[in-house]
Amino acid sequence: MNGTINIMKRELTGYFATPVAYVFLIIFLVMTGIFAFYLGNFYERGFADLDPFFRFHPWLYLFLVPAISMRLWAEERRSGTIELLLTLPLTIHQAVLGKFLAAWLFIGLALVLTLPMWITVNYLGSPDNGVILAAYLGSWLMAGGFLAIGSCMSALTRNQVVAFVLSIVVCFMFLLSGLPMVMNLFNGWAPQIVLDGIASLSFLQHFADITKGVIDLRDLVYFALVIGFWLLANVLILEVKKAD
Amino acid sequence: MIEAKSLCKSYGIFKAVDDLSFTVQAGQVLGFLGPNGAGKSTTMKMLTGFLTPTSGTALINGIDVVENPVAARKNIGYLPEGAPSYGEMTVQQFLIFVARARLIDARSVPDSVEKVIKKLNLTKVKHQAIETLSKGFKRRVGLAQAIIHDPQILILDEPTDGLDPNQKREVRGLIRAMAKDKIIIISTHILEEVAAVCNRVMIIANGRLLADDSPQGLIARSRYHNAVSLVVEKPEKVASALSELPQVGKVEIREGELTLFPTGEKGLLEAVTAAVSANQWQVSALRLEAGRLDEVFHSITRAEAST
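From first to last, the protein sequence lines are chains L and Y.
18 is the number of the first residue of the first sequence in the numbering used here; add one for each residue after it.
83 is the number of the first residue of the second sequence in the numbering used here; add one for each residue after it.
The hints are simulated quantities; they were obtained by calculation from the structure and are not laboratory data.
What you are looking at is a predicted structure, and each value in this text was computed from that prediction instead of being measured.
In this text, a Cβ means the ideal position worked out from N, Cα and C, and glycines have one as well.
Per the computed footprint, the stretches of chain L lying under chain Y, defined by three or more beta-carbons under 8 Å from a beta-carbon of chain Y, are:
{"#": "1", "stretch": "18–32"}
{"#": "2", "stretch": "99–107"}
The list that follows gives simulated cross-link-like pairs (lysine-lysine, DSBU-like), each with its CA atoms no further than 30 Å apart:
{"#": "3", "chain 1": "L", "residue 1": "Lys259", "chain 2": "Y", "residue 2": "Lys217"}
{"#": "4", "chain 1": "L", "residue 1": "Lys258", "chain 2": "Y", "residue 2": "Lys217"}
{"#": "5", "chain 1": "Y", "residue 1": "Lys87", "chain 2": "L", "residue 2": "Lys258"}
{"#": "6", "chain 1": "Y", "residue 1": "Lys208", "chain 2": "L", "residue 2": "Lys26"}
{"#": "7", "chain 1": "Y", "residue 1": "Lys220", "chain 2": "L", "residue 2": "Lys259"}
{"#": "8", "chain 1": "L", "residue 1": "Lys26", "chain 2": "Y", "residue 2": "Lys197"}
{"#": "9", "chain 1": "Y", "residue 1": "Lys201", "chain 2": "Y", "residue 2": "Lys250"}
{"#": "10", "chain 1": "Y", "residue 1": "Lys220", "chain 2": "Y", "residue 2": "Lys250"}
{"#": "11", "chain 1": "Y", "residue 1": "Lys97", "chain 2": "L", "residue 2": "Lys259"}
{"#": "12", "chain 1": "Y", "residue 1": "Lys220", "chain 2": "Y", "residue 2": "Lys200"}
{"#": "13", "chain 1": "Y", "residue 1": "Lys262", "chain 2": "Y", "residue 2": "Lys156"}
{"#": "14", "chain 1": "Y", "residue 1": "Lys87", "chain 2": "L", "residue 2": "Lys259"}
{"#": "15", "chain 1": "L", "residue 1": "Lys26", "chain 2": "Y", "residue 2": "Lys201"}
{"#": "16", "chain 1": "L", "residue 1": "Lys26", "chain 2": "Y", "residue 2": "Lys220"}
{"#": "17", "chain 1": "Y", "residue 1": "Lys220", "chain 2": "L", "residue 2": "Lys258"}
{"#": "18", "chain 1": "Y", "residue 1": "Lys97", "chain 2": "L", "residue 2": "Lys258"}
{"#": "19", "chain 1": "Y", "residue 1": "Lys262", "chain 2": "Y", "residue 2": "Lys250"}
{"#": "20", "chain 1": "Y", "residue 1": "Lys200", "chain 2": "Y", "residue 2": "Lys156"}
{"#": "21", "chain 1": "Y", "residue 1": "Lys217", "chain 2": "L", "residue 2": "Lys26"}
{"#": "22", "chain 1": "Y", "residue 1": "Lys208", "chain 2": "Y", "residue 2": "Lys262"}
{"#": "23", "chain 1": "Y", "residue 1": "Lys97", "chain 2": "Y", "residue 2": "Lys87"}
{"#": "24", "chain 1": "Y", "residue 1": "Lys319", "chain 2": "Y", "residue 2": "Lys332"}
{"#": "25", "chain 1": "Y", "residue 1": "Lys87", "chain 2": "Y", "residue 2": "Lys262"}
{"#": "26", "chain 1": "Y", "residue 1": "Lys206", "chain 2": "L", "residue 2": "Lys26"}
{"#": "27", "chain 1": "L", "residue 1": "Lys259", "chain 2": "Y", "residue 2": "Lys156"}
{"#": "28", "chain 1": "Y", "residue 1": "Lys217", "chain 2": "Y", "residue 2": "Lys201"}
{"#": "29", "chain 1": "Y", "residue 1": "Lys156", "chain 2": "L", "residue 2": "Lys258"}
{"#": "30", "chain 1": "L", "residue 1": "Lys26", "chain 2": "Y", "residue 2": "Lys156"}
{"#": "31", "chain 1": "L", "residue 1": "Lys26", "chain 2": "Y", "residue 2": "Lys200"}
{"#": "32", "chain 1": "Y", "residue 1": "Lys264", "chain 2": "L", "residue 2": "Lys259"}
Could you build the full structure based on these sequences and the hints that come with them?
Pasting the structure below:
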């Protein structure tokens with residue numbers, strides 16, 4: 018546990034020692050603002066809720082989360098520090114978890130910095146704050162899912178650009194798996210159980226459920242499983258190919 | 083104690099390390115010597131549990147590094163090749179991170195960090211980001227993280243690579259000072275380094291152990307061992323006169339310097355000095371050769387390459 022926390026702290030220090038953290042936070046805040054006000058018609062629609070704000074989070078994460086996760090392991094490989102890290106008296110599990118938690122907390126911080134949106138909507142009307150809280154939780158969980166995928170892809174290569182592109186592709190597939198354009202490919206020939214399976218993998222569907230304000234155990238379990246699965250794959254990849 | 087048991091590492095059909103077995107006891111400073119790509123770094127990576135051996139294993143103070151890597155690593159300080167470190171961190175931040183990771187008791191972390199910073203003369207740069215430091219400082223930061231927990235076993239992959247002569251001297255002094263009751267393994271391709279810090283040398287080429295000896299023992303294998311070299315006027319004339327002596331075997335003249343190789347008989351130096359004074363030759367230099375490590379290294383590793 019101490020090992021995990023130590024690595025997490027080191028990673029967080031690393032974020033703020035470079036412009037990465039500041040650039041990311043500013044871009045994230047500007048983009049969420051633009052999406053909510055211009056594309057989401059935050060004012061014009063006349064409802065006191067944050068739906069136009071949360072609605073674009075999956076699409077924002079699709080590009081911004083891989084930008085955070087791409088360096089997690091690729092950078093360690095490129096600079097050779099992976100050899101230092103993995104010869105410390107730590108398990109690979111601790112290293113993977115520590116790095117993941119640091120990045121996840123960092124995205125959590127970005128979300129916390131959007132609180133002025135929530136204050137604004139409370140000033141303008143009386144929204145259902147329970148729904149908003151649930152949506153924040155759902156958004157953070159979904160970010161964790163994207164991040165676990167990105168961390169795993171980053172462990173595959175020493176090239177950050179490759180890690181970035183691979184992460185976007187895999188995240189995109191998870192994002193879209195419930196939409197008609199994907200389901201139509203399978204409709205008519207695949208058995209119902211496969212269709213249900215594919216549809217239930219969709220980030221969008223589970224995120225939409227949570228943003229409605231219904232925190233269903235199944236949605237929480239879903240994101241926990243996604244994160245667990247990809248982090249485990251991450252550990253296995255590192256165990257199999259540490260050195261090259 | 084380190085016990086390597088038939089360590090092998092192959093990549094496809096290429097054997098990077100081929101059936102390497104050896105034991106290292108406390109108090110030994112072992113130098114891995116070999117050409118580039120000989121398998122020195124690969125062996126070190128297996129000893130530290132970074133690479134899993136294709137077959138074989140190593141015991142670190144009795145703990146199997148394949149079965150129980152985390153426990154085995156607690157006894158080891160390791161400087162990987164190229165001394166990698168997190169460039170965006172300051173020297174102090176980095177060393178605190180490593181100290182914590184190496185399970186130094188939380189209260190003693192600041193003390194150990196301060197001590198190691200002093201020991202390696204890093205005080206001036208401790209608040210600087212590592213990526214802004216010169217190569218020499220970076221290497222010293224790497225050494226600092228390896229010794230911060232005062233490990234019983236130190237494995238240093240090319241510890242003096244990229245340092246200037248003064249810094250090399252410092253680092254060698256540091257290694258010698260720590261050598262008592264520790265196990266230190268260093269890899270190098272600098273021959274003088276072996277003679278300067280090691281009391282045992284293993285020559286490795288193509289993943290195989292070719293020689294395991296003390297530096298003195300290796301030097302004694304040189305054909306120059308106990309030969310006598312002299313610089314003299316008219317070397318050809320002197321050479322033919324000296325080759326009459328029973329102690330003188332082969333005679334070589336290179337760039338005006340005459341080298342006399344010994345036969346089995348003792349007293350080559352005495353016989354030569356006696357002949358010099360008897361004939362009143364004008365000698366400007368005369369010395370007894372200890373042996374040449376580069377020549378031994380060359381003949382051992384070349385013999386391997388041609389088989």
